[in-house]
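Number of protein chains: 2
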Amino acid sequence: MSKKINEDLLKERKKCTFDMQELTHVIDCGEQNTMKRKFIDDYILNIKELWDDVPEEYLSHKERYENAIRKAFIILRCLREFNSSSMQVSEHRTPTNIYSIQDGIFRNVNPLLIHVGLFWSAIAAQASADQQAEWLKADSKMIGTYAQTELGHGSHLRGIETTATFDPETDEFVLNTPKLTSYKWWPGGLGKTANSCLVMAQLCINGTCHGLHIFLVQIRDYDTHEPLPGIKVGEIGPKMGFNTADNGFLGFDNCRIPRSNMLMKNVQVLRDGTYVKPKHNKLAYGSMVLTRVMLITDLANQLSRAATIAVRYSAVRHQSQIKSDEPECQILDYVSQQHKLFICLASSHAFRVVGLWMWNTHRMVTADIHQGNMEQLPELHSLACCLKAVCSRDATSLVEQCRLACGGHGYLLSSNLPQIYNYTAAAITYEGEYTVLMLQTARYLMKSWKNALEHEPLPANVAFLGAYIKRNYEQWQSSPEGIINGFKDIAAGKIKTSYDTLQRHLRNGLDPEEAWNLSSIQLTDASEVYTRSLLCELFWRDTKQTCNTVSINLAVVLEQLGELYLVYWALEKHGDLLLYSTISRNDIELLQSRYGELLALIRPNAVGLVDAFDIRDEVLSSTLGAYDGRVYERMMEEASKSPLNAEVVNESFRKYIRPVLLKNKM
Amino acid sequence: MSKKINEDLLKERKKCTFDMQELTHVIDCGEQNTMKRKFIDDYILNIKELWDDVPEEYLSHKERYENAIRKAFIILRCLREFNSSSMQVSEHRTPTNIYSIQDGIFRNVNPLLIHVGLFWSAIAAQASADQQAEWLKADSKMIGTYAQTELGHGSHLRGIETTATFDPETDEFVLNTPKLTSYKWWPGGLGKTANSCLVMAQLCINGTCHGLHIFLVQIRDYDTHEPLPGIKVGEIGPKMGFNTADNGFLGFDNCRIPRSNMLMKNVQVLRDGTYVKPKHNKLAYGSMVLTRVMLITDLANQLSRAATIAVRYSAVRHQSQIKSDEPECQILDYVSQQHKLFICLASSHAFRVVGLWMWNTHRMVTADIHQGNMEQLPELHSLACCLKAVCSRDATSLVEQCRLACGGHGYLLSSNLPQIYNYTAAAITYEGEYTVLMLQTARYLMKSWKNALEHEPLPANVAFLGAYIKRNYEQWQSSPEGIINGFKDIAAGKIKTSYDTLQRHLRNGLDPEEAWNLSSIQLTDASEVYTRSLLCELFWRDTKQTCNTVSINLAVVLEQLGELYLVYWALEKHGDLLLYSTISRNDIELLQSRYGELLALIRPNAVGLVDAFDIRDEVLSSTLGAYDGRVYERMMEEASKSPLNAEVVNESFRKYIRPVLLKNKM
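Protein chains in written order, with UniProt numbering: chain V, 1 to 666; chain H, 1 to 666.
One should not assume that every hint holds.
To be verified - Computed footprint of chain H on chain V, listed as stretches where at least three residues anywhere in the stretch have a Cβ under 8 Å from a Cβ of chain H: (1) 146 to 159; (2) 180 to 186; (3) 301 to 311; (4) 321 to 331; (5) 360 to 372; (6) 602 to 609; (7) 657 to 663.
These are computed hints drawn from the structure, not numbers from a lab.
In this text, a Cβ means the ideal position worked out from N, Cα and C, and glycines have one as well.
Produce the entire structure from the sequences given, and follow the hints as far as they go.
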């Protein structure tokens, strides 16, 4: 079979009305970054040992881990080389990019992800200068992980049960796991790989509990890798995804560590057991917020991968006829298929834009914090909560939509769509469960509404609440700005209603907590539509700005994507618009027909738009989505790798089938 | 650790206000069936060899297949014993039940599913009396599967490319796979297990193509199991689920079979090549409709499993406080958790009811067909399409909702929730892809609307279209019947709008096919809300009838579930109700507060309701959902089975980690 590019894809690429490379540069935040990304891509992806002969899906659980560790240490070496060169990986675009490449290499996750991504940065953020000097030494033997969640506690941090009790006699902390539910459970790399662990535990001094603090504990011998005395550690078994990471459990039985192993940048325990409180009790927020912010960009990348696979496949796949006298058409020509896929393209751009905006916001707020100004921390926290929650949920359901849009073939692991789903779906839960995060933002919104009622000054992203109180209903405008205002009207309306419901419950004599629980469906709903209004506004604002800086051909396409996002969500939420804005039935019909127009406008550029994501075949790692469109050839090639196909007759025939055939009717 | 039952579950069971066993009998369609089910459960589940020491998730792809084949032949023996006893498995409740047990045994699917469930029944339905006498002989050595879908064609059956050309010289058919895309792809059990295959191919006689027909082809030698000459066969590789089934590919290179191997009940090819057409061209529909009907009951069972796991876990799991002075509460007390889970309980009952109704409808229509009356076939086909589509999509998203409601622990395979998702999600695609099926029903609805406009008589399930044309808007009634009428108003309104849109496109000069494509989003939407109105009406009607036959305590609870289903969907579709019914903003608020009341009413019975599903622990196969609620103990026990935990230090330390530790900083 020839290896030339599929003709449908060639035609699609010719049809494209804009310069794909220009869009790639926009996505990368500049041509320089594109070049740097490509350099790193080339460098890592050209390492032959990173590629498997047998795809990891055929391996056993244990083999999969061993193979992943092999690759992880090759990648660690690369990272070190980049860090000691001008190709620093610390800049915002690049780390995510490095992770994306790894998605392809592992078709899953790097078991050293926590070591590289969280362990060192937590030490940098929470350890004192002396501790950092000690631990960040060049000859460190630590392979680290971070242990917070326990078997019995995740969302409710205060409920964590692991204890670290100060022993003034020996100047040590004694760590214990009082019950089965107190076992640490989930940390990545803990099961078999890490020899060091940052442990979140309740600090007890002299019978007083001072709450959660972080302790550095060596858990395995550096030379033998055997667990140290007082440590019970192992892996927690297979999961939906992340199976190349050895997520683990960890229990302590009077495990002793020196006092100096508590992370003491913001808080101290002195030699005599004196506890020195942190200046601000919200300082620990920082790294959790940052992880959530970075996740949004990662979700944009995952959705880009899924959309690339589904759009290219839909251009290659022919099925049935639209006109009876013509050959079978590309399934991308079905409006129902465009309806499934183009919102994925638009959402991926929206998440990228919002991820970048949050990154910049986070940087500004963090700079303020270093100046001692904590004022914007609650707003940052609230934004990171709801945007992480909604983006993870949207990305997950859209990835699954891409998979389903590929029909049966999307169910094959060789499509890579199930793995992208399993990876993305995890983000709805880790680093803050969806509903828990939405209710955190709701709490901020209730406070903001109270402030608005009392004419207090409001932060930028809730300023519309003040405006809502003052003004009357505006006439519905069928424009992007009109839709954004509509979403703000819904958000304000639902925030007001939730607030009123809470107040009514309180007047009826309920506890605040009971009232909160009874209102939680409404509160979550208010948070969600508030988040949608943010996504719409931020994406559209950025689109308009970007359009001023790019060629007219590209600007036209970007505006179509931006508008599609707004119109799609206006139609999805038309019920709320009917309740909370002045939209009419006729306005909704106009939006429907505009939506149809936008699908038709985007159709000729669909393949160009996914090409512009510029994701290499090795990173897509999909039979359905490769650049050359050799879909069916690749499917057959991948199937031929199955160990079951390496033998003509499997031994189960002799062992189980033949004896029955000889004796019985089947 | 003691093995007594978790105290929270004990308390929950005491709180239950109805007789769980009575509900179990309702679910089983009578006490007799419950007893029979329990007998079969006991019999099969007590076979020790069916249980693994190492859970299948730890095995490699190949080992997993071999282990599944081992178990499949044990189960085949059981089925044969039941069939030759009074415990016939042919009745409607029982086959599904047998499959459910297998879900637990395989934590996945039986590789002989197609052999047992489709191969023989297709022969019974499509083979002539002579052929049946020959093939169904007691000493048959056939292990069969059914090959329809090809690499390049699924939904569009007419596009299937495999050919069967009649050779009058030898009185044979010659089968060929003309292109790569013509390879059969997907049949379960084909990859390594089957030696016989029913093959769908284009029948060619003397240069004329007579369309698709079914041919019985031996593909492997009965003794050696080696593929026969002219056969290329293998497995297609790992999938999201169904990994214990060796789904396969199959290609033909001038493979010859006797003329008598074409299935000739309804159609014949004579010795001289004369083609004798079938009397009715829709007779082939039958088995596809039946599979879709049976799927609905299976989906109800899968959702029951997921709901049982999530509800029991939510009763055992404590997290955070509702009141600050009280201990951490059960997460089932959070209204947001009830919102996620109780709709799963209600939907499972709704699907069970609708599955049974469809089963009975199918039986009646089939009896009519045997009398030569085909009149109701189009309606049956339309109902099976849309109900299969919507129930599979609903069940899948609700199973995922159950998984997410279990937080991080739901991500572990030991919860079994990811596997239930992977299994259920497949049903959105196989046996008719969601959008394709919805558009099939839409075509029926467009015809029905035309008939309604022309005052033609209408079948029962679309009779509301006639009423809609005649009557004026009714006043909104806040009652179950009012909601059902509301859904019919939306359905009729959307059917009318879609029809008008189609007509407008036609008047504007578009081809019918183009007009259909441009209207497909609206058409799918109309089908969906029509299906919802069916689900609401059928479930509520059955609920009212059942309530007349059960104790008052149970009736109260069943009515709450029925009403919850209606109110939930009315709120989900409030936008459409605002557009197409006379519902007011105030009515919606009343529904919201009624919804809150229903959650509170169902809360004390939640555990009782899942206990009444009466699913054995072996079938649930979940650390989180077992009857005794030993959640954390089971999680630790399951983790201890990991082969990675069987060794203190994995060899990857010596091979990959230690060399780096000795040389470098980590």
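A quick look at each hint next to the structure:
With 8 residues having a Cβ less than 8 Å from any Cβ of chain H, the stretch 146 to 159 of chain V passes the three-residue criterion, so the hint holds. Counting residues of the stretch 180 to 186 of chain V whose CB lies closer than 8 Å to any CB of chain H gives 5, which reaches the minimum of 3, so the coverage claim holds. Check result for the stretch 301 to 311 of chain V against chain H: violated, 0 residues qualifying (beta carbon to beta carbon below 8 Å, three or more required). With 5 residues carrying a beta carbon less than 8 Å from a beta carbon of chain H, the stretch 321 to 331 of chain V meets the three-residue requirement, and the given coverage holds.
A count of 0 residues in the stretch 360 to 372 of chain V with a Cβ less than 8 Å from any Cβ of chain H is obtained; the coverage claim is therefore unmet, three being the minimum. For a cut-off of 8 Å, the count of residues in the stretch 602 to 609 of chain V with a CB near a CB of chain H stands at 0, and the three-residue condition is violated. For the stretch 657 to 663 of chain V, the stated coverage by chain H is satisfied: 4 residues place a CB nearer than 8 Å to a CB of that chain, which reaches the threshold of 3.
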